[in-house]
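Taken in order, these protein sequences are the chains called Z and E.
Be aware that the first sequence starts at 1, since it is given in this note's numbering, and climbs by one per residue.
Be aware that the second sequence starts at 327, since it is given in this note's numbering, and climbs by one per residue.
Heads up, a few of these hints could be off.
Unchecked claim - Okay, the calculated beta carbon distance ranges per label pair:
hint	chain 1	residue 1	chain 2	residue 2	range
1	Z	His-175	E	Arg-489	42 to 48 Å
2	E	Asp-440	Z	Phe-323	55 to 61 Å
3	E	Asp-392	Z	Gly-324	24 to 30 Å
Unchecked claim - Restricting the straight-line Cα-Cα distance to at most 25 Å, the calculated cross-link-like pairs of lysine-lysine (DSS-like) are:
hint	chain 1	residue 1	chain 2	residue 2
4	E	Lys-383	Z	Lys-167
5	E	Lys-373	E	Lys-434
6	Z	Lys-273	E	Lys-383
7	E	Lys-431	E	Lys-383
8	E	Lys-478	E	Lys-501
9	E	Lys-501	E	Lys-434
These are computed hints drawn from the structure, not numbers from a lab.
The beta-carbon is built from N, C-alpha and C at its ideal position, and this holds for glycine as well.
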Amino acid sequence: MDWQPTSRLEALQQRADTLNTIRAFFARKRVLEVETPYLSCAANTDPYIDSLDAWYQATISSGKEIRYLHTSPEFPMKRLLASGCGSIFQICKVFRQGEQGRLHNPEFTMLEWYRPDMHYRALMEEVAELVQCVLPVEYQVSSCEHLSYRDAFERYADIHPFTASTKELIECAQHHGVGDVPGLSSDDRDGWLSLLLTHLVERHLGISKLTFLYDFPISQASLANIRQDSPPVAERFELYVNGIELANGFQELTDARIQRERFEHDLRVRQEKGLTDVPIDENMLDALEHGLPSCSGVALGIDRLCMIIMGVSCIDEVLTFPFGRA
Amino acid sequence: MATYSTNEFKNGLKVMIDGEPCSIQDLDVVKPGKGQAFTRIKVKFLKTGRVVERTYKSGESIEAADVMDTEMQYLYTDGDAWHFMHQDTFEQYAADANAVGDASKWLKDQDICDVTLFNNVPIAVTTPNFVVLKIAESDPGVRGDTASGGGKPATLETGAVVRVPLFIEEGELIKVDTRTGEYAGRAKE
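Kindly produce the complete structure, drawing on both the sequences and the hints.
Below, the structure is given as structure tokens:
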């Protein structure tokens, strides 16, 4: 019966209520709702995120131009920030190649917001405030946990993620019975860190509370600012509830030159991995060149939030028509 | 050699793991928002029934197992092997004790069952969930005997022993649930 929705009607109602609450939250805080294009001539360079592409034709006889479905509205939202729009948020569908599973659907709903002049630590508090508005009452009364990436690894995997060698990370995985991973190369440090995070650490995070994991290895800085501590850390955070990664935020990198280096580094990694080459978003770099205000930003998965509110374990239960029925 | 990439994995897919044929029972993609994706599967080893979890870097490929579930008729056993016949081709297959396993307790001549072939050799035999068998031997029930929980042992025509209610007598037909090995009711011819 593939014509039928996979979610119950209560889930539709709950989603509508959640979106209303979120919009009211931002209206109270005077954060402006915006829309940006889904189709872009540039793509996400992240080697672990693949864009879907689409072909545009002006007329039936003219040549086809490639466009990429956005994987997050981050780049055009930063162009708006550079143009002086102030605090903004967006709720939109985003698209990612190959992501399908219990917690993944190739198209999903993202809430993304940016706060000029707000430090990422303060943004974590705002994320908690918003999420507690919509989560069931037990999460509203429980306290938030703030756990650095390093402390989380030391506590749950018994290893220091910054100073351990890749060999020690592999030994740690083997010691915990998850060291046999066909395809994962013995020099892929971030791959092994991701394995330890997903297989050993995540399930302890956000159990009946909100857990913020923060200050990531600089190799996983993505678009976050790097703070020159010893060792240096990426000013990035993730929110976990019930072992599920719900949000990812940054103290945004505002330096156009460093941002270009990171994009180019991504493209080299993509090439080494045999992935498709993609165009860098030059408009976004121009905006950074013009001047991005100091700001923090965060993206939150609405479908996963709905899963936690509804107490279900598979994303299909909160989607009307998942990919297989779309 | 046929292979499956992790993105082709689905429940019921037959793959080779540690050189043994397995069936995928459950799968999930585990992926940090920004980072390497993994495909985690739960597989059952078809020969032993053992279930294990495995993790692959997404995009990896594993060898396909040449495994087929085929309906066959049970013919007879010569003590070493159990002989089956394919319903369409009339080809005969001999399964050893490892492959037949517990199914031997429920096999009666001419019964239809599922035979799992790996490289065209039987590795597992699955009987129907319910089979009808005759009581070969059972002592008469003692009325009022509550110590035995209101039942008594009975030996079936295949040699299997099941607990039956006291009123069941030798020569009667009963229905047995092969998954639990328990009496499921009286049966008619």
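Structure versus earlier hints, numbers of those that do not hold, lowest first: Numbers 2, 7 - these are the hints that the structure violates, sorted from lowest upward.
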